[in-house]
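Visitor: Just so we're aligned: 172 in this note's numbering is position 18 of the sequence shown, and the numbers increase by one with no gaps anywhere.
Keep in mind the hints are simulated off the structure, nothing from the lab. Keep in mind it's a predicted model, so treat the numbers as computed, not measured. Positions of the beta carbon are idealized from the N, C-alpha and C atoms, including for glycine. Treat the hints loosely; a few may be bogus.
As the list claims (entries may be wrong) - With a straight-line Cα cutoff of 20 Å, these simulated SDA-like cross-link-like pairs (lysine to any residue) come out:
(1) LYS230 with LYS241
(2) LYS230 with LEU247
(3) LYS230 with LEU244
(4) LYS243 with ARG227
(5) LYS230 with PHE208
(6) LYS241 with ASN251
(7) LYS241 with PHE225
(8) LYS216 with ARG232
(9) LYS230 with ALA246
(10) LYS216 with ARG227
(11) LYS243 with GLU233
(12) LYS203 with ILE219
As the list claims (entries may be wrong) - With beta-carbon atoms standing in for the labels, derived distance ranges:
(13) ALA192 with LEU221: 21 to 29 Å
(14) VAL236 with SER206: 30 to 38 Å
(15) SER177 with ARG204: 32 to 40 Å
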Amino acid sequence: MEPFALQTFWGLSATELLRSLYSSEEGLSQAESTRRLADHGANLIRAGKRHSAFFLLLGQFKSPIILTLFFIREGKVRETLVGLTTKNKLAALVDRNLPG
155 MEPFALQTFW GLSATELLRS LYSSEEGLSQ AESTRRLADH GANLIRAGKR
205 HSAFFLLLGQ FKSPIILTLF FIREGKVRET LVGLTTKNKL AALVDRNLPG
């Protein structure tokens, strides 16, 4: 069977998929687990440098897609505000000469 990376896994039966991964329904054998640990190291998540919320937000604007979406949204907000100010003008008639 060819290496797993070269196959389309969704087209395999469960048995073929497990065989291509050198596994079984019971999981990896001790020998396969030991081999993978030696080849790839422990399956650990390394703690990375933490950034403040401000820097995370600032980092979002490095993407051209985000900048494009931001400016499109800004343009729509402006159009909405112009529409609201022109459509919703209020007029009132006041009679200050009423007896009182």
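Visitor: Output the numbers, in ascending order, of every earlier hint that fails for this structure.
Guide: Result: hints 2, 3, 4, 5, 6, 7, 8, 9, 12 and 13 break, sorted rising.
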